[in-house]
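Work from the hints to combine the two standalone chains into their complex.
If you're matching them up, the sequences are chains X and L in order.
To convert, take the position in the first sequence, counting from 1, and add 5; that gives my numbering.
To convert, take the position in the second sequence, counting from 1, and add 687; that gives my numbering.
I should point out that these hints are in silico values taken from the structure, not numbers from a laboratory.
All residues carry an ideal CB built from backbone N, CA and C; glycine is no exception.
Treat each hint with caution, since some may be false.
[To be verified] According to the in silico footprint, chain X covers these stretches of chain L (three or more CB under 8 Å from chain X):
#1 697-710
#2 714-727
#3 810-818
#4 837-845
#5 858-867
#6 875-882
#7 897-903
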Amino acid sequence: MKINESNSMFLIPAYFTIGVLLVIPLVLLVIFSLTSWNLMQPGSFKFFGFGNFRRMISEPRFFNSVKVSIYYIFINTGVQVIIGTVIALLLFQENLGTRILRPVFLFPMLLPPVCVGVAWKILFVPSLGGVNYFLNTLFGILGPDWLNGATSALIAVTIASVWEWTPFVMLLILAGLEALPKSPFESAQIDGANFFQVLVLITLPLLKPVFMTVILLRIIESLAILPLIFMMTGGGPANATEPINVYAYYSGLDFLDISYSSSLMITFIFILAICSFVFIKPALKSSGE
Amino acid sequence: MKKQNLITKILVYVILGLFFIFTIFPLLWLLSLSLKTQIQAFSNPPILIFKPTSENYINLIFASGFLKNFLNSLIIAISSTVVALVIGAPAAYGMLHLKRKNRSRLFVLTLLTRMAPSMTYIIPFFIVFSKFGLIDTRFALVVAYQTFALPMVIIIMRSFFLEIPRSLEEAARIDGATKRETFIKVILPVSAQGLVSTAILTFILCWNEFIFALVLTRRHAATAPIGITNLMQYEGTLWGQMGAGAIILMIPSILISVLVGKYIAKGLMAGAIKG
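Chain L with its partners taken away, still in its complex shape (with noise of 0.2 Å):
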C-alpha cells in the first residue's frame, strides 16, 4: 500500500514537471534565440551554450522605430484602461441597485459585448473610422479597445463590488451623503485593491491586443506587437530582432504575474468566470 502510493507520487510529479516544461521551454528557447547573432541562430545542430550578444536589443531599440511603437503602446494602453475605469466602475456599482431583471439583462449585454468576435467590430470601424480621418490614430483604438476593457471592468468591478456588506453603504447614506459621495468616498477606498486588479489586468488586454492595431493604425499610432510583424516581412525575417521584440513585450505581463499574480488571480477568475 505504502509503495503503491509513493509510485503514485512519483508519477502525478512527472506529469506536472512534463507540463512545467512545455510551460516554459517556448519562452527560455525564445529567450536565448534573441540573444544570439543570426548566424548562431541558424547553426545546426543549434547552439545551446554561448556567449549572449545584445545586438539584436540595440538594433531593435534604435534602428527600426520599435521604440515608438512601444511608447505608443503604453499611452493607448493607459488611456484606455483609464478611460474604461472612469466610466466602468461607476456601471458596476449602480448595476448593483438595479432591480433583478434589468440588472440581468444589463449583465447579459456586457457578456455580449465582451465575448463578440473581434472580427465583428473590425470591418465596421475600419469603414466609419476611415470616413472620420481617424485611421492610424492613437484615438481610434482607444475607443476600439473599450469593446473588451469596458466590459471587462464591468464584470470585474461587479464582483468585488457584491464582496462589500451593503450596510456599510447604509450607514453612509443615514449620515446623509449623497449616492455620489458614497460610491467615492466609502465604496472605492474599501475596494482599492480590487480597482488595481482590475486596472492591471486592463492595462494588460490592451498591451497585448493586436487585431485592431493591425487595421486601425499604419506608420504614426503602430503598436508594439504591429512593429513585431514588420520585422517578418522585409528582406527576410530578422528572427534575432523578433525574439528580442517579443521578450520586451512579455516584460510587463512577467513582471506583473510575478509581482501580483496572487492579487490579479481573482480579478482573472471573476472576469472569467462571469465573462
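Bound-form chain X, shown alone (with noise of 0.2 Å):
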C-alpha cells in the first residue's frame, strides 16, 4: 500500500498534465464541430448538429484536400520506405560506408523542418538556378515553374518530404538488419541461396515487424510535413498541395470559422485511424507492450 502511494507521486504530475493537454483539447474539438461557430460572426456559437460535416460534403475545396492527402499518406510514406529500404540493404552490406555516411543521414531530419522548407523552395524557384539549371546542363530538360504548376508542385512537396523523411526510414531499417539473428542467414548460406533469395525469402519476412511499425509512423505523420507546404506552396497553387490539416488550419485561423475547422480535424483523425489501422496492432506487439 505505502509503495502504491509513493509510486503516484511520480506519476501525477506528468499524467495530470498529458491528460489535461489531451483530453481538453479532443472535448472542445467535439464541441466546437458541433456549433456554428465563427469568430467573425458575433453570436453564433450555437447548436448546429451535424451541420459543418454535412457543408464539408458541399465543398469541393474539401474533396481535393482528402485526395491530396491521401496522395501525401501513400505517396509520399511508399517513396520513402522503398527508397529507405534499398538504402538501409546496402549500408547494411558495407561496413565503411555505414560508419562514414550515418552520422550524414541523421541530419535531415533533425533540422528544423522550416529550414527544409526554404532548401528546397530555394532550389526549385527558377529564378534562382537550382533544379532547373542542373537538369538542363546534365540533361538537357527544361524543367517546369514547379511550384506554379499543379502536379509540379505536389512532386516539389514529395521530395522535399522523401528528403527529410527517407534517413528516418533507413535508420530503422538499418536498426533491425543488425538486430536480426545470424543462424537463418548462415544456413541459407549453406544451402547455396543467392543473394536475392536471402532478400526475398529470408530477409525482408524477418523484418516484417519493423516494417510495420515504420509504416504505421510515417503514415501518421506523414501530413506533419505542414512547415514544409507553408514554406513551399502555402497549399497552391490553387490548393493543388493542400491536405486536409492545411485546410482546417486556413479556415480556422484565417477565416476564424472555428466550428467548421474542428469538423475538418475530427474528419482528419478519422482518415488518419482508418489508414494506420492494418498497422497498429502488430506495431505494438513488436514494441514489447
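Have a look at this one:
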C-alpha cells in the first residue's frame, strides 16, 4: 500500500498534465464541431448538429484536400519506405559506408522543418537556378516552374518530404537488420541461396514487424509536413498541394471559422485512424507492450 | 565470380554516393545562397565560385529583429525541455512499477498524445489561450510544447530505465532508501547519459517546432522559425537573408549530430520505434 502511494507521486504530475493537454482539446474540438461558431460572427456559438459535416461534403475544396491527403499518406510514405529500405540494405552490406554515412544521414530529420522548406523552395524557384539549372545542363531537360504547376508542385513537396524522412526509415530498418538472428542466414549460405533468394525469402519476412512500425509511424506523421507546405507552396497553386490539416488551418485561423475547422480536424483524425488501422496491432506487439 | 563481385560493389557505392549527394546538396546550395548578394543570387547561370559576403547575416542579425526571435527560441526550448524532464523522468520510472495492464494503458496514452497531429491541439489552444490573454507569451508555448516534449521524455527515458538491472534498485531499497532517494541517488546517476541524450532530443524538437509558434505568437514571443517566414512577406522575398536565417537555425542540430550523434542515435531509436 505504501509503495503504491509513493509511486503515484512519480506518476501524477506527468499524467495529470498529459490528461489535461490531451483530453481538453479533444473534448473542445468535438464541442466546437457541433456548433456554428465563427469568431467573425458574434453570437454564432449555437448548436448546429452535424451541419458542419453536411457543409463539408458540399465543398469541392474538402474533397480536393482529402485527395491530396491520401496522396501524401500513400505516395510520400511509399517512396520513403522503398528508398529507405534499399539504402539500409546497401549500408548493411558495406561496413565502411555505414560508419561514414550514418551520421550524415542523421541530418535531415534533426533540422528544423522550416529550414528544409526554405532549402527546397530555393532549389525549386527557377529564377534562383537550382534544380532547373542542373536538369538543363546535365540532361538537357527544360524544367517546369515547379511550384506554380499543380502536378509539379505536388511532386516538389514529395521530393522534399522524401529528403526529410527517408533517413528516418533507413535508420530504423538498419537497426532492424542489425538485430536479426544470424542462424537463418548461415544455413541459407550453406544451402547455396543467392543474394535475392536470401533477401526475399529470409530478410524481408524477418523484418516484417519493423516494417509495420515504420509504415505506421510514417503514415501518422505523413501530414505533419505542414511547415514544408507553408514554406514551399502555401497549399497552392489553387489548393493543389493542400491536405486536410492545412485546409483546417486556413479555415480556422484565417477565416476564424472555428466550428468548421474543428469538424475538418475530426474528419482528419478518422482518415488517419482508418489508414493506419492495419498497422497498429503488429507495431504495438513489436514494441513489447 | 570475382569480377561480378567488383561490379556489384561499384554499383552499391554509386547508389550510396548518389544518395549522399542528394542528402548533402540542398544544404550546400542553401549555404552558398546565404553567402551571395541579392544580384549574385539571381544571376543566370548560377555563379558557383564567388567571393562570399556576410551582408545577409549582418543585415539579418542587426536589422530585422531576428536576434530577439533567436533568444525567444532558446529560452522557450530550454524551459520546455527542463519542465518535460522534471515531470517526465519520474513518470517514466514510476511507470515501471505498475502492474502490466496499467502500464500498457499508460504507455498507449503516452503514445496517443505524442502521435496526435498538432493541428488537433491548435484550434482549442488558440481559443483557450486567447480567453486567458496568453497569446504571444513564452509561457503559452512552453505549455503547448508539453504535448510532444513530455511524451517524448517518458518514452525515451523508459527505454533507458528498462536497461538498469533491477538488483541495483533492490539493493538500495534493502539499505533503507525511500523510493524517492533511490530514484535521485541511484537511478538518475546511473542513467545520466540517457538523461543527457533525452534532453538534447527534446531540445531539438522544441527548437524545430513551427505550427504552435505560428499560431500562438505574434511579435513579442515569436520564435526563430517564425522570424524566417516573416522575411517571405515583405516587399518580395529576401532570399539571401532567409537562407542565412535557415543556416543559423540549423547550427544547433548540426553541431549536435556531429558531436554527439552516436549517443543520441539510441534515444532517437527509442523515441521512434516505441513512439
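Results for each hint:
| no. | hint | in the structure |
| --- | --- | --- |
| 1 | 697-710 | holds (count 8) |
| 2 | 714-727 | holds (count 4) |
| 3 | 810-818 | holds (count 6) |
| 4 | 837-845 | holds (count 3) |
| 5 | 858-867 | holds (count 3) |
| 6 | 875-882 | violated (count 0) |
| 7 | 897-903 | holds (count 4) |
When the structure is compared with the earlier hints, a violation turns up for hint 6 alone.
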